[in-house]
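2 protein chains.
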Amino acid sequence: MILAYLGPEGTFSHQAAHYWTRQQDCELVSYPTVMATLLAVSRGDVHLAAVPVENSIEGSVNLTMDFLAKEQLRTDMRKTDISIQGELVLDIVHCLAAVDKSSPLETILSHPQALAQCRGYLENHFPQVRLEQTESTAHAAAIAAARGAGWGAISSAYAADTYNLAVRQKNIADITPNQTRFLLLGDSEPESTGNDKTSLMLALPQDKPGGLYSILQEFAAAGINLTRIESRPSKKELGDYIFFIDCEGHRRTQPLQRVLSLLNTKTALLSVLGSYPVFVQGSDAHD
Amino acid sequence: MILAYLGPEGTFSHQAAHYWTRQQDCELVSYPTVMATLLAVSRGDVHLAAVPVENSIEGSVNLTMDFLAKEQLRTDMRKTDISIQGELVLDIVHCLAAVDKSSPLETILSHPQALAQCRGYLENHFPQVRLEQTESTAHAAAIAAARGAGWGAISSAYAADTYNLAVRQKNIADITPNQTRFLLLGDSEPESTGNDKTSLMLALPQDKPGGLYSILQEFAAAGINLTRIESRPSKKELGDYIFFIDCEGHRRTQPLQRVLSLLNTKTALLSVLGSYPVFVQGSDAHD
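Line by line, the protein sequences give chains S and H. Per the numbering used here, residue 1 is the first one in the first sequence, and the count goes up by one each step. Per the numbering used here, residue 1 is the first one in the second sequence, and the count goes up by one each step.
Okay, chain S solo, but in the shape it has when bound (with noise of 0.2 Å):
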């Protein structure tokens, strides 16, 4: 099996399907963007892909949804069915790195977003340093491991680790750091495991106030909790909107199949994107 991921080594992408190596034996292969990733498994490149799906200074935000939804609209014969086989949530944690523990800094590197997120520690701590911008906080602590004594980079402990640079301070940015959820696409379906999420593309069949209630109607009679809802302008496509729904459940067992085919009547669209289990707070996804 070949994992592909947003490289280099290092990212947040890569500890994500570093992680999920763990649970299935992979090979990881790195690609350039967000986007290279997913098609390399939309095309059948690669067997599996680890994205980044919420909130990531890793690529644009929206872009695996939207993605995952074009290719629910694709009816062509090349189309590869990936549906989402897992999920992981990180901790975003900025740390300053460098080849040793001790000689002073000349110039830090990183992402702008970290550079942004951290900008009060480096003016309290580093008014002298001059500050340069790379493409991820990878490359800031890939980057610093090539050139040595007076650069610093701003990154995970993870990416640290993976160039064997030393942790001078951990937990740096100014505000509390985020999470950023990971999703595992691929061309199978894990079977239920009693706590599994399904995560759905809807969209109504017309713009109608009370369309997305009637939805939620189904889901509160059967007692499915509901764990995200979002809602995409569907570029008109398919109406005004689409919607994102995580629910409780697998698409195989009740009640959320039954569910699932009294929805076929009331939407317009309406894709089963994956069924796969929950991924449990204080897993080893750090390590």
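None of these hints come from the bench; they were simulated from the model. Even for Gly, the Cβ is constructed at its ideal location relative to N, Cα and C. All clues given are correct.
Cross-link-like lysine to aspartate or glutamate pairs, in silico, EDC-like; alpha carbons within 20 Å at most:
(1) 266(S) <-> 230(S)
(2) 70(S) <-> 174(H)
(3) 70(H) <-> 174(S)
Residues of chain H clear of chain S, computed beta-carbon distances all greater than 10 Å:
(4) 100
(5) 107
(6) 126
(7) 128
(8) 265
(9) 267
Since chain S is already given, all that's left is putting chain H on it; use the hints.
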């Protein structure tokens, strides 16, 4: 009136701020991060702030909504009642810009995400050119302008114009570029125009199936369309989730006023983030 925006000049935030100066006379002041811009209006240092709210390459996408949510939960005396006073949707169109139309380019500058979005174009047309990361597409235009011939920038036409660069090629992104939505924040409340939108934040009394459903029931019964719905993890301050809902209508006019009072009894928290005129696509925001 002073209006804060994420600088430098030429950012998409600056373009949004510039649009609003044509509706009310304001002096524009730039801030270095989205968070600094939000804090400036929250502390009362400025009267208004223009901030991105969805799908931006300038700062974290969820930052603005999370900030507004936290503001609603503050109860200290220094609290300023900021609310949403307007919205604006900008097309993100990447251009290749330089000081002149024809000098060969040795380096092309841009924000990592813009470089990634234009990778195919760059590989086809500039395979030998060195790529350099910048903090924003506006910074790229500013640096290209300062360094002169041989330096290109991927930026908006607005940024190119701001720094007197020539646009060599428009629309160079490999995939259809996205739109970014901006909000105008301030401490007054626009009166009803007859074509308004209201943004709400709400939390349910407990995480039970059907909670959201019973909320949407009120909107459906009153014939009020929702234009956006999104759940966000609440970090456990208020149960598991908070919901951001945009709906048609103004808080001070019927039927929305009546629905809001009905919702008060069904929610653990209900905050009106603002009532403001709907942005009409095709307005002169790109001039």
